[in-house]
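Enquirer: So the chains spell out like this:
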Amino acid sequence: MLKINKLSASIENKKILNGLSLDIKAGEIHAIMGPNGSGKSTLANVLSGKKGYEVSGNARYLDEDLFKLDIEERAQKGLFLAFQYPLEISGVNTSNFLKTSLNTIRKSNGKKELDALEFLKIVKKKAGELKIDEKILSRQLNVGFSGGEKKKNEILQMSLFEPKMIILDETDSGLDIDALKIVADGVNTLRSKNRSFLIITHYQRLLDYIKPDFVHVLMEGKIAKTGCSELALELEKAGYKTI
Amino acid sequence: MIEELKDTFKNFNKKFSKKNTFAEVRADNFEKFTQLGFPSKKLEDWKFSDFNRIILNKLKNININLNQQNEFKFNDYIKEFEHNKIVFFNGFYNKHSLNYENEEKIIFDNLKKGPVYNPQGKNSLNLLNNAFFTDGLLLYVKKGYRCKKPLVIYNIFNTKNDNNFFNQKIIVNVEENSKLDLIICSINLNQTPIFLNTSNFYLVEKTGLLKLFNINELSKKDLNYNFNEINVMENGVFENFVLSYSSAFFKNDIKCCLKEKHSSGFVNGAILANDNLHHEIKTNIEHIGETTKSYQKVKSILSKNSKAIFQGKIFVDSNAQKTDGYQLSKAIILDKDSEFDSKPELEIYADDVKCSHGSTSGSLDEDAIFYLMSRGLNRSDSKKLLIKGFLDDAIETITNLEIKKYFLNKLENKINELS
Numbered sequence: 001m002l003k004i005n006k007l008s009a010s011i012e013n014k015k016i017l018n019g020l021s022l023d024i025k026a027g028e029i030h031a032i033m034g035p036n037g038s039g040k041s042t043l044a045n046v047l048s049g050k051k052g053y054e055v056s057g058n059a060r061y062l063d064e065d066l067f068k069l070d071i072e073e074r075a076q077k078g079l080f081l082a083f084q085y086p087l088e089i090s091g092v093n094t095s096n097f098l099k100t101s102l103n104t105i106r107k108s109n110g111k112k113e114l115d116a117l118e119f120l121k122i123v124k125k126k127a128g129e130l131k132i133d134e135k136i137l138s139r140q141l142n143v144g145f146s147g148g149e150k151k152k153n154e155i156l157q158m159s160l161f162e163p164k165m166i167i168l169d170e171t172d173s174g175l176d177i178d179a180l181k182i183v184a185d186g187v188n189t190l191r192s193k194n195r196s197f198l199i200i201t202h203y204q205r206l207l208d209y210i211k212p213d214f215v216h217v218l219m220e221g222k223i224a225k226t227g228c229s230e231l232a233l234e235l236e237k238a239g240y241k242t243i
Numbered sequence: 244m245i246e247e248l249k250d251t252f253k254n255f256n257k258k259f260s261k262k263n264t265f266a267e268v269r270a271d272n273f274e275k276f277t278q279l280g281f282p283s284k285k286l287e288d289w290k291f292s293d294f295n296r297i298i299l300n301k302l303k304n305i306n307i308n309l310n311q312q313n314e315f316k317f318n319d320y321i322k323e324f325e326h327n328k329i330v331f332f333n334g335f336y337n338k339h340s341l342n343y344e345n346e347e348k349i350i351f352d353n354l355k356k357g358p359v360y361n362p363q364g365k366n367s368l369n370l371l372n373n374a375f376f377t378d379g380l381l382l383y384v385k386k387g388y389r390c391k392k393p394l395v396i397y398n399i400f401n402t403k404n405d406n407n408f409f410n411q412k413i414i415v416n417v418e419e420n421s422k423l424d425l426i427i428c429s430i431n432l433n434q435t436p437i438f439l440n441t442s443n444f445y446l447v448e449k450t451g452l453l454k455l456f457n458i459n460e461l462s463k464k465d466l467n468y469n470f471n472e473i474n475v476m477e478n479g480v481f482e483n484f485v486l487s488y489s490s491a492f493f494k495n496d497i498k499c500c501l502k503e504k505h506s507s508g509f510v511n512g513a514i515l516a517n518d519n520l521h522h523e524i525k526t527n528i529e530h531i532g533e534t535t536k537s538y539q540k541v542k543s544i545l546s547k548n549s550k551a552i553f554q555g556k557i558f559v560d561s562n563a564q565k566t567d568g569y570q571l572s573k574a575i576i577l578d579k580d581s582e583f584d585s586k587p588e589l590e591i592y593a594d595d596v597k598c599s600h601g602s603t604s605g606s607l608d609e610d611a612i613f614y615l616m617s618r619g620l621n622r623s624d625s626k627k628l629l630i631k632g633f634l635d636d637a638i639e640t641i642t643n644l645e646i647k648k649y650f651l652n653k654l655e656n657k658i659n660e661l662s
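So the protein lines, in turn, are chains A and B. Under the numbering used here, think of the first position of the first sequence as 1, with each following residue one higher. Under the numbering used here, think of the first position of the second sequence as 244, with each following residue one higher.
Simulated from the structure, these hints should not be mistaken for laboratory data. Here the structure is a predicted model, which means the values were calculated and not measured. Note that the Cβ used here is the ideal one computed from N, Cα and C, for glycine as well. Heads up, a few of these hints could be off.
Computed list of chain B residues with no C-beta within reach of chain A, every gap over 12 Å [unchecked claim]:
hint, residue
1, K257
2, Q312
3, K316
4, N337
5, K338
6, S340
7, N342
8, G364
9, K365
10, K449
11, Q564
12, K586
13, F633
14, E639
15, N656
The calculated lysine to any residue pairs, modelled on SDA-like cross-linking and capped at a C-alpha distance of 25 Å, are [unchecked claim]:
hint, chain 1, residue 1, chain 2, residue 2
16, A, K125, A, L175
17, B, K627, A, G110
18, B, K657, A, Q140
19, A, K111, B, D610
20, B, K627, A, F145
21, A, K111, B, E639
22, B, K647, A, R139
23, B, K626, A, D178
24, B, K627, A, E113
25, B, K626, A, F67
26, B, K648, A, R139
27, B, K627, A, N36
28, A, K135, B, G632
29, A, K50, B, D610
30, B, K626, A, K14
31, B, K648, A, T100
32, A, K135, B, K657
33, A, K14, A, N36
If we strip away everything but chain B, and leave its shape as in the complex, we get (with noise of 0.2 Å):
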């Protein structure tokens, strides 16, 4: 595949760099990407998601055609909730609408020209979004600013075969002492399979919010890895939610780091893995202010040859004194075809903080299906309710009552479609 990719890339930066200087970039990018190859489970980070592996199985290529024209009819997805929005279209900027706000405040521009990065690290993957990626969003909540309302990015899909591979960035600066709330809702209309490759990057500064949604609607054939990476300043609180259900394969990985003193990071998630798919939450928290706080809890309900994963880390630099990180994970197993890895880690390096983590995994509990049973429910109906119960509990991490009560219901919708 990576020697197909290489005919893709050449193609695909001819084309797309020839306005701007960022060829060489993106070629440095690349080059530094078949060096290492799709991450496979010999990489510590990868020990439970062979990616070398699952992508020569899901998809037999991956290509861009940047030629490629297919229609598009915006609806808005989400009803429930009044919400300002900006709509990609397979992988380009398409349109927005801010009306809630006030659009001096909250500035943003696509990234159609930039910025490409160096190459750095070792995540081919990112290293491979440097290479390819073809637009995304900028974005600064100005100053003091608090939004009114909830944006939405959408984030859709309606491709064919010869048009698989997107590669995006959203970047977002949420300055001093402003608030957003961000819900990214990636939908794939078509049946035919993609691979969405998103390396983000977040900056909260000053006592600034920022609450972060993550919704896959993508198909049940689709693959996506979405790299987050936030910086949080001085008394800055980062809420993240990620509610996944779709994707054969999805990883959600997040490096958070509590840059200065009394930061908060809050990192939780619930996973739905019904009928072959493949889920992994990772997490790496880096205390490195004072008095800094973190709590991750992430619950995964498993079944039908599905897998789920959860690798989470705290990280306490020697600097971070008083620190408070907590970490839970708990996963239930429906059937026997079913697997749920869990690695959890704490690595402290100063002597006065409180860290604790917890890790489950189990089937459900028969006494109390018998118990529910006894009250008139049958036995679908009763694990559902189990099921439900044991998933609400992470969704209730949730601060924003809109939002919170959104994800209930698209989570009931799903519970009930198991069998």
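This is chain A alone, in the form it adopts within the complex (with noise of 0.2 Å):
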């Protein structure tokens, strides 16, 4: 699905990633760990397209080369980045951009374009699944959101666009154990054997809910360590001094 040969990046002459490979196969969840300043948002931002990285190495996305596609070409794709900070976006309606978005996606796939109608349908089903409140579809997009009500936007959008693969940027941070379960619940509806996940988080605590089959941990810009979902539990023990 994705593989990463030898990915360099720096933002203003300053190397974050440096030399990092990583190789997801379909169906795979991987678990990225990693203290802070390590390179974990960079590598989420990198491989969606973000400008302003100096990049080397390579990286192949569904036997493409990933740095070739623009950023909503990767969108189209099948990639997804659930952000951090999602972006708060006034003036523009959630359910008209989620509508937008979905249209744009499924047209560049050669899929038929979605009414209003069938797209209200289909958005407040996934919304009902993921006991998310309906009521965001009619606020403009992220603005005046909690923390809470943001993350599970992107989890919308996510069960909305069904992806092939999927970064989950610190998805986990800031929620509590309710929203937890939804953005697990989230995860796991869409697990399947033609879908991977990289989950990128501070805490062991997410994957408690989704269990990763790699854990793989991220220091000064490579991956230091990799495991199996043990890992995560010896980190939180001892932290990461001991790598």
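Each of the two chains sits in its own frame; use the hints to bring them together as a complex.
Expert: Set out below in structure tokens:
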């Protein structure tokens, strides 16, 4: 699905990723943990195409050179980033935005665009499944949303777009236990043999609900250790110093 | 240009005023205009819009030809909602229909024969209007009558080169406890650039409600100065929205006086200046009565060598205790060639008041663009969505839902034309 080879990234001459390699196969869930400043969010940004980074190394996504794809092409081809800090976009109605995005993605994949009624039916169903209050649909995108509502909105988008490669950038941080379960349910519902996840997190907590196939420790811009889900428990007890 | 204008005025006044006694008043106004000339940036009110230079650059000459005959077939330009209409063509009354209303309660006359005002004040374009105005509207909404549908004043132009200068007045009196939604829609059907100079006066009497909308569909070469003076009496409400996206030069000048207690004025607008446009909204809200309220929100988008200006003043008289004044101007500048100037002013002589103002300008938020693109939208569509969201926030202030929807659609079409 996604194969990253010796990826380095720097911003304003400061090296953040330093030769990171990672191979995520279809159906796998990978978790990346690491101390503050180790490059976790940079990895998410670089993979989804954010400008401003100097990037070297390569990444193949579905057998294409990921770095040759524009931001929107990556999204249209099924790469999804759930933002750590979803942006507040004033004046843009959440429901209209979701419909526009979904139809753009559908269109680029040769699928029929949904009309307003079809869309509403689907979005309400998804929101219901994720126990998300429908009211957020009629509000401006993320404007005045609580931290939890913003994260739930990311999960709603994830389940609506049905992407192939999902990156969750600290989606669990700042969530109470109920919201955390909603996020985990969203991920577990989508889990399938054709879909992969890269879960970036600070805490082991989320991994109580989503069992990863691999846990990686990111330190100083590269993978310092890889293990199975027990590694997360060890880190929780002993901290990163032991790595 | 002023020398040529003197000849134009002589001919005009001879021809137009021969049957009435206003020739002298017009001449006085014109005389005072020639002393002042077109406003230049030396004047505080015009410091960001050097009209003297603009008119010389944009129009080689300005002429009035009262004999010019042009074809005109009226279309209902606004089809989206039912409305009454009064149509002006090339500056003169053409026709009307007030079918939705009780015509004893909404009364109008054209202003072919007057009134003309004695010269006063230092606004030279108002003096010029007094000297040259040809026609306009005197409208009364009678006491207690609440109009059922909006009234659209269509101001339509289709002219040739030797007739490109138009001066009009609209005078509206919304009497006690009456209500009117008024839309002034100016349209130039031709490519001949015109200079439209209007001076409008509105009186909102006790518990009256006037919603005034201005939509400018003039061409990209036209110049339009639109002066509005509004007096609001006890418990009266004045709501104004200007949607401004065409005309090489457009200045909407609003002087709203909240004369008596509990009166309020809402002056909002959206400017989308793309491709060498110069648009200004200038407001002067005077709180004279006690417990008066004003609210202003103006949002501007600028691109391709355009300029937008917001000059907003809130004046609070020493008697206007418990005034509540709010003013916000925000602009997004899409490229380096464009410019936004803002001059917010508060002048407060009472001590128990609540007044605030804010003004910001900047570029589109790249992080927001990234967020939208990461959801599959291309860069251009992401920018348009952000621009629309930014301006919609101002349009949300419109309290007539049909008109709000109409303006939203107009704006969306204009945004989609952006490259």
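Enquirer: Decide, hint by hint, whether the structure agrees.
Expert: Structure-based check of each hint:
Taking the minimum C-beta to C-beta distance to chain A, about 54 Å, the non-interface status of K257 of chain B holds against the 12 Å cut. Every beta carbon of chain A lies more than 12 Å from that of Q312 of chain B, the smallest distance being close to 47 Å; the non-interface claim holds. At roughly 37 Å, the least C-beta separation between K316 of chain B and chain A is larger than 12 Å, which holds for a residue marked as non-interface. For N337 of chain B, the shortest C-beta to C-beta distance to chain A comes to about 38 Å, beyond the 12 Å cut-off, and the non-interface label holds.
The beta carbon of K338 of chain B sits about 39 Å from the closest Cβ of chain A, which is more than 12 Å, so the claim that it is off the interface holds. With 12 Å as the threshold on Cβ separation, the claim that S340 of chain B sits away from chain A holds: the shortest Cβ distance comes to roughly 35 Å. A cut-off of 12 Å between C-beta atoms confirms that N342 of chain B is not in contact with chain A; the least separation is 34 Å. Consistency note on G364 of chain B: stated as away from chain A, and its beta-carbon is indeed over 12 Å from all of that chain's, at 39 Å minimum.
Consistency note on K365 of chain B: stated as away from chain A, and its beta-carbon is indeed over 12 Å from all of that chain's, at 39 Å minimum. Against chain A, the non-interface label of K449 of chain B holds: every CB pair exceeds 12 Å, the least being about 36 Å. A cut-off of 12 Å between C-beta atoms confirms that Q564 of chain B is not in contact with chain A; the least separation is 33 Å. Taking the minimum C-beta to C-beta distance to chain A, about 25 Å, the non-interface status of K586 of chain B holds against the 12 Å cut.
The Cβ of F633 of chain B sits about 6 Å from the closest Cβ of chain A, inside the 12 Å cut-off, so the non-interface label is violated. A beta-carbon of chain A comes within 12 Å of the beta-carbon of E639 of chain B; the shortest separation is about 8 Å. Here N656 of chain B stays apart from chain A, with its beta-carbon at least about 16 Å from theirs, past the 12 Å limit. A threshold of 25 Å between alpha carbons decides the hint, and for K125 of chain A with L175 of chain A the separation of about 23 Å falls inside it, so the pair holds.
Between K627 of chain B and G110 of chain A, the direct Cα distance comes to roughly 24 Å. Compliance with the 25 Å bound is thereby established for this hinted pair. With a CA separation close to 22 Å, the supplied pair K657 of chain B and Q140 of chain A stays within the 25 Å bound. Taken as a hint, the K111 of chain A and D610 of chain B pair is broken in the structure, with Cα atoms around 29 Å apart against an allowance of 25 Å. Of the pairs offered as hints, the one joining K627 of chain B and F145 of chain A holds, with about 23 Å between alpha carbons and a cut-off of 25 Å not exceeded.
Restraint check for K111 of chain A and E639 of chain B: the C-alpha separation of about 34 Å exceeds 25 Å, so the hint is violated. For the suggested pair K647 of chain B and R139 of chain A, the alpha carbons sit about 18 Å apart, so the restraint of at most 25 Å is met. Among the hinted pairs, K626 of chain B with D178 of chain A is inconsistent with the structure: their alpha-carbon atoms are about 35 Å apart, more than 25 Å. With a C-alpha separation of about 20 Å, the suggested pair K627 of chain B and E113 of chain A falls inside the 25 Å cut-off, and the hint holds.
For the hint pairing K626 of chain B with F67 of chain A, the CA-to-CA distance comes to about 22 Å; that is within 25 Å, so the pair holds. For the hint pairing K648 of chain B with R139 of chain A, the CA-to-CA distance comes to about 18 Å; that is within 25 Å, so the pair holds. With a C-alpha separation of about 36 Å, the suggested pairing of K627 of chain B with N36 of chain A is violated against the 25 Å cut-off. Proximity of K135 of chain A to G632 of chain B is assessed by CA-CA distance (about 19 Å); at most 25 Å being required, the pair is judged to hold.
The straight-line distance between the Cα atoms of K50 of chain A and D610 of chain B is roughly 9 Å, inside the 25 Å bound, and the hint therefore holds. Straight-line distance between C-alpha atoms of K626 of chain B and K14 of chain A comes to about 30 Å, which puts the hinted pair past the 25 Å bound. This hinted pair checks out: K648 of chain B and T100 of chain A have alpha carbons roughly 19 Å apart, not beyond 25 Å. With a C-alpha separation of about 30 Å, the suggested pairing of K135 of chain A with K657 of chain B is violated against the 25 Å cut-off.
Between K14 of chain A and N36 of chain A the CA atoms are separated by roughly 16 Å; this keeps the pair inside 25 Å, and the hint holds.
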